[in-house]
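Chain residues, written in single-letter form:
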Amino acid sequence: MHFKLRPSQFCRHRLANGLEIIAECHPEAYAVGLGLFVSVGARDEPSPWAGISHFVEHMVFKGNAQFPSERLNDAFERIGALYNAITDEDSTNYFLAVLPEYWPEALELLGQLMQPDFPPDQLELERRVILEEIRMDEDEPPYNAEDICRRIFFGDHPLGNSILGSKQSVAAIQAQDLHSYFQAHYGADTAVLVATGRINFDELVAKAEKIFGGWSPCGYRRQIHPVVPQQRFVVIPKPGSHQQYFLHLAPAPTGLADWVAVWLLTAILGGQEGGRLHWEFVDPGLVETVDLWFEEHQGAAVFAVSMTCEPTLAEENCQRLWDFYRRVREEPIHPQELEWAKNKVSSGLVLASELSVQRLANIGHDWLLERRYYSVAELLEMVAAVSPERILQLVHEYPFDCGTLVTVGPLEELSAPAHFPAEVTVLSTTSGA
Amino acid sequence: MATTLRILTWGCSARSKHRRYNPGFSTVQIGRERVVETILHHEFPNGLVLVGEPMRWLESVAVSLRIPAGSIYDDSDKAGLASFTGEMVMRGAGPRESRTLVRDLGLYGIHYTERVGTTYAKFTFATVSSQIARGLEIFADVVRRPHLPASQVEPVRQGILQELRGLADDPGSLLVRELRRAFYPYPVNRPPIGEAETVAQITLEDIQSHFRRYYQPDGAIVAVAGKFDWEDVIDLVGQFFGDWRGIRPPEITLRPSEVIYRHIRHESQQVQIGVAFPGPPYAHPDFFHAWAAAAVLGSGSSSRLFRELREKRGLCYGCWATYHSGRSQGAIFCYASTAAETAQETLNLLLAEIGKLFSGIRQEELQRIKAGIKSALIMSQESSAARCAVIAREWTLLERVRPVEEIRRIVDELSAESINAFLQANPPKRIVVVTVGAKELEVNSALQVAT
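Chains A and B supply the protein sequences, listed in that same order.
The first sequence lines up with residues 1 to 433 when you count with the working numbering.
The second sequence lines up with residues 1 to 451 when you count with the working numbering.
Quick caveat, the hints were computed from the structure, so don't treat them as lab data.
Accuracy of the hints is not assured; some may be wrong.
[To be verified] Below 27 Å or equal to it, Euclidean Cα-Cα: the simulated DSS-like pairs (lysine-lysine) are:
hint : chain 1 : residue 1 : chain 2 : residue 2
1    : B       : Lys370    : B       : Lys356
2    : A       : Lys4      : B       : Lys439
3    : B       : Lys312    : A       : Lys167
4    : B       : Lys429    : B       : Lys356
5    : B       : Lys370    : B       : Lys312
6    : A       : Lys167    : B       : Lys439
7    : B       : Lys429    : B       : Lys227
8    : B       : Lys312    : B       : Lys356
9    : B       : Lys374    : A       : Lys207
10   : B       : Lys439    : B       : Lys312
Please read these numbers as outputs of a predicted model, since none were measured by experiment.
Could you build all of it, start to finish, from the sequences and the hints given here?
Next comes the structure, spelled out in C-alpha cells:
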C-alpha cells in the first residue's frame, strides 16, 4: 500500500537556561497542541512520598496567588482550550489543544502552571480528591492488579512504584514536601516544551523566551539502574467478583534502532481483531478480553498481557496462554501476516498524524525517552523495512514465558501453568500489596 | 495504566486512568470554519441514504453504515438478539470466511468497529482514502451476505456471556446501564447486550430471522467524511447497495418507566451516584437551550458540579453531567462517585445543584460554553471519524444534516436570558436516581429540593 501524508516541518531550539522547544508545524492544521513534558514521575519518588509526583500534578492546577485555580480554569475555558495532565512512571505531562489564534494565551497559562503556590487549604481538599481516585481504582477491575504486578515484577527497582501511591502515603504528604519535590524536579533542564499544528516556530520561541526564559534549571538527573525481573505467580482472592483477571509482565527489548519491529510483533500476536491472541482466545469465546502491549520506560521495557475470563475457565486459559507463548517461538511469521500488521499499523499512523493533539503525545513521549524526533514518514519507512526473520529473532531473544503473572478474582487458589519458573504465592488483599 | 505505549495508534485510547479530569479530550460535535464545504446528499430508490462531507485537507476517510436493526426490535425473551446478530454477521460474509474477512480488512489498512445500539446496528471504519472501495465492498457483504455459520453461535454466545459477567464487576458501567434502564421507556431502556438468561435462549434460527427482517436499506444510512470523490462514492454505494431490498421496520410503542430511585448493591468502597432528568429531543427548537444548561451544570472544570463537589469540597474525583440526545426524548445524565460515608452529602449537593440550575445561569457561564463549542467545532476538522459520526447522527435524528452556519448561528444567538426563560418554563418533570455500592441512600427529601 502507498501512504500519502500532509506536509510538516520539524523545528528545534534550546533556550539559554536549557529549556528545549520542539515543534512539528503543519500550516494546514486546524488546532495547535501545546505540552510541557517534565521528566519526573513515580520512579523518582522516595518511598515515604509514594504518589507525590501525581499529587504535584493535581496541585499545580491550584495555581498561585495571582492565578488561583478558579481563575486558571476560567482562563483555559475562555479560550476554548481542551486541557489535561497525566502522570506516569517516567514523566508528568501538561497538555492542551486550542484554536491557532489562542496559542499565545495558552502558553502563558502553561507558564502560570509552572509557578504553583501549593496553598494549604487547597491541599487538604485535593488530598480528598486523590483518595477518591485511589478508591475508584481499587473498586474497578482489575482491582489494583496492575500496581501489584508491577511492584512484584520490578522488585526493588523504582519502576515498580505506584503512580497514585497508597492511602497512607497520600495522607502523610505535606505542603512543604510538595514544595521541595517541585523545586528539586521541575526546571528548564527537566522539561521540554512541545508544539504541534498550525504554529509559527519563531514566534513560539520568542514567546517561550519571555515566559520560561527566567526558569532555572533544577539540576535533577535520574539515576538509571538495571531491572532484575522477578519470576512470580501470585494469586489474590477477591471474593464477590464475577470474573478472573490476569496481568502478566515480561521483559522486553529497549533502545533498539528498529523498535517498530517490537510494535509489529505486538500487532501480530495481540488481542485486537486479527491478532493471534484474538484467534486463540476471543474468537472461540474463551475469554472476555485479552490484550498485549509494549511499554517503554527510560532504560527498561516490558511486554504486558492482560486477560479476563470466567473463573471456571481460568486455569485452563492460563495454561493455554503459557502454551501459546512457547508456541510463538516455533511458528514462523508468515509474510502475509507481517504485511497485514504493516498495513494496519501504517494506516493507523496516517490517521493519527492528522490529529494535532495525538501527534503531540507521541512526539513528546519520544523526545523524553530518546531525545529524538521521528516524523511519520520516517516511521512508515521503518515499518516497511522490518522482515519476518527480525520478528522471529525478537521472540527468541525475549521469550514471553517468564516474568510475573498476577491473577485477581473469586478463585482462592490456582495452579501455575506447567513449566512456570516459580512457585505460587497467595496474597490476601488487593490494596497496597 | 500509564501511557508508556510507544505510540498510540489510531483507535487505541491512552491507557492511563490518572488524568486530572475525566472528560479528557472529548469528541467534537459539529461544525467547520476555514473551509466551508457543502454537505452532500443522495437518496437511492431502495430508501438508502448517502450523506457526505468532503475534507480535502485530509488523507483519511471514515465511513459509518447504520441500519435500523437495533435492540428495540428484540422480543423480551430474546433480549440481546440484535447484538448477537451484529457479532455473527462479522464472522464470514460474501466470498470470505471469518478469518479471511478480518485478514483482508487489516491488509487494506481498515480500522473498524461493529456496535449494535438501541435503534441502529452500526458498522464504522476509517482508512486511507485510496481504500474506501475495499471497505465498502467488504461491509456490503457483511450486512447483505453474512454466512451466519452455525459453528460460531456458541463461541459468540460465550463471548457475550463473559462480557455480561465483566459488566457486573465494573461499578461505573453498571451504574450507566441501570440508570438507562430506570430512566428511559421500555424497550429503549434495555441494555442492547441483553441478559444472561435471554442470551442463553437465542438460536441460530432467531439470528437468521432477525437478519432477514431487519438488515435492509429503507431507513439505513451511509455517512462518509474525509477525502473522497463524491461521484465515485455514489457509484460505489450504488454498485454495492443499490439492488438491496427490504421494508423499514415499524415504529415501536414505548412504555414509560416509573422508577424514581433504584439501588444496586455492590461490594465497593465508593458509591456510584447517577441522576437523570428529561430534556427536549434533538430536533426540538429548545434543544440547544437545554444542552447549554447541561454543559453549565457539568461539562469541564469550571462547571458547577466540578466546582461544588470537587474543587470546593473534595468529594469526588469524577463528576459530570452530559446530554443524551435522542429522537423522541433527550435526557441529562449526571454522575458522581464518592466514598460511602460522603455519598449522602454528595447526592444531596448534586440534586441541589440541579434545582439551582433551573433558577438560571449567568452570562459568563454561557460565554465559557460558547468558547468550548467554537473550539470543538473547528478542531473537529482534523478528524474524519469525528465528522462522520456527527453527520450520521444528524441524519438519523433529524433526517437532514444542518449546514454548519445554521449551527453556528443557533449557538451564537443563545443568550442567558433565552436559556433562563426555557429553564423557568420547563422544570424537570421527573428526576431518577440510581446508586451502585454498599450503601443505599435516602432520596425523598433531597429530591424535593431539586424539584
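How the hints compare with the structure:
Between Lys370/B and Lys356/B the CA atoms are separated by roughly 21 Å; this keeps the pair inside 27 Å, and the hint holds. Distance hint between Lys4/A and Lys439/B is unfulfilled; the C-alpha atoms sit about 56 Å from each other, more than 27 Å. About 21 Å separates the Cα atoms of Lys312/B and Lys167/A, which keeps this hinted pair within 27 Å; it holds. Pair hint Lys429/B plus Lys356/B holds up; C-alpha atoms about 15 Å apart against a cutoff of 27 Å.
Restraint check for Lys370/B and Lys312/B: satisfied, since their Cα atoms lie roughly 25 Å apart, inside the 27 Å limit. Distance restraint check for Lys167/A and Lys439/B: the Cα-Cα separation of roughly 21 Å lies within the 27 Å cut-off, and the hinted pair is therefore satisfied. Taken as a hint, the Lys429/B and Lys227/B pair is broken in the structure, with Cα atoms around 45 Å apart against an allowance of 27 Å. The suggested pairing of Lys312/B with Lys356/B holds, with an alpha-carbon distance near 17 Å, which does not exceed 27 Å.
For the suggested pair Lys374/B and Lys207/A, the alpha carbons sit about 25 Å apart, so the restraint of at most 27 Å is met. Between Lys439/B and Lys312/B, the direct Cα distance comes to roughly 24 Å. Compliance with the 27 Å bound is thereby established for this hinted pair.
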